[in-house]
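Participant: Quick note, in my numbering, the sequence shown goes up one by one and the last residue is 219.
It should be emphasised that the hints constitute simulated quantities derived from the structure, not laboratory data. From a predicted model like this one, the values you see are computed outputs, not experimental measurements. Even glycine gets a Cβ: it sits at the ideal position worked out from N, Cα and C. Worth double-checking, as some hints may not be accurate.
[What the hints assert, rightly or not] Here are the computed lysine to any residue pairs in the SDA-like style, where the Cα-Cα straight-line distance is at most 25 Å:
#, residue 1, residue 2
1, Lys174, Asp141
2, Lys75, Trp131
3, Lys138, Ser122
4, Lys16, Tyr114
5, Lys134, Asp55
6, Lys124, Asp42
[Said to hold, decoys possible] For each label pair, taking beta carbons as the anchor points, the in silico distance ranges come out as:
#, residue 1, residue 2, range
7, Leu60, Glu203, 38 to 48 Å
8, Ser57, Tyr32, 37 to 47 Å
9, Pro157, Glu210, 35 to 45 Å
10, Ala47, Pro157, 29 to 39 Å
11, Ala202, Pro166, 51 to 61 Å
12, Ala145, Asp61, 15 to 25 Å
13, Ala47, Phe206, 20 to 30 Å
14, Gly59, Ser148, 29 to 39 Å
15, Lys134, Asn97, 50 to 60 Å
16, Ser148, Gly92, 21 to 31 Å
17, Glu210, Pro72, 13 to 23 Å
18, Gln147, Ala70, 26 to 36 Å
19, Phe54, Glu210, 43 to 53 Å
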Amino acid sequence: MHIPGKFKQTDYDKLKDLIVNYPLATLISHSDSGLEANHIPFIFDTSQGLDVLQGHVAKANPVWKILNDNAEVLLVFHGSNGYISPNHYPTKQKTGRAVPTWNYVAVHVKGSMKCIHDDTWILKHITKLSDQHEAGQSNPWSVNDAPPEYIQRMLPAIVGLELKIVSITGQWKVSQNQPHENQLGVIAGLVAEGGFESLEMADLVSQHL
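Work the whole structure out from these sequences, hints included.
Facilitator: See below:
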């Protein structure tokens, strides 16, 4: 990923937080038939004393067959993003020299992936995954809410995935390349637009004034 210096994010906690808050990754792998892309939620796990990413796929998905032997893969996590109109730039009113752009935050994780065919591991993983995402519900669902025999029948149809992180890079393209008055204009414009994505991007821009 090309990252201009102003947009490079090196704060590991921020990189990790993006993955936690936007866990759906594009898993890019390579086989004899070419590139493969799958969309899979991952969770951070530190229980082994190392930061690893864990996910799972249906055994019916052939991707796991090309991920054996610690295959090298790329995970792409996308955070907040949105269109930035040049109308938000005060300098546009003065010179006319302004064009649209797209702001975004993204994290790329490279590593070696292994497949796990252990029902105990898979049950622990799906329990942790569901507990994490049910936490905000008024009445959180639990794996234990389902009949045990139903869960046990599903486990053999699931393949666990675990990524050992080799490198992690982040790009926070949030108007740092604009003069201060334009950054303030972007914030005001996004707030005026409203909506979750616009307000979240406005907050990100304000964090990088």
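Participant: Quick check: which numbered hints come out false for this structure?
Facilitator: The structure conflicts with hints 8, 17, 19, although it agrees with all the remaining ones.
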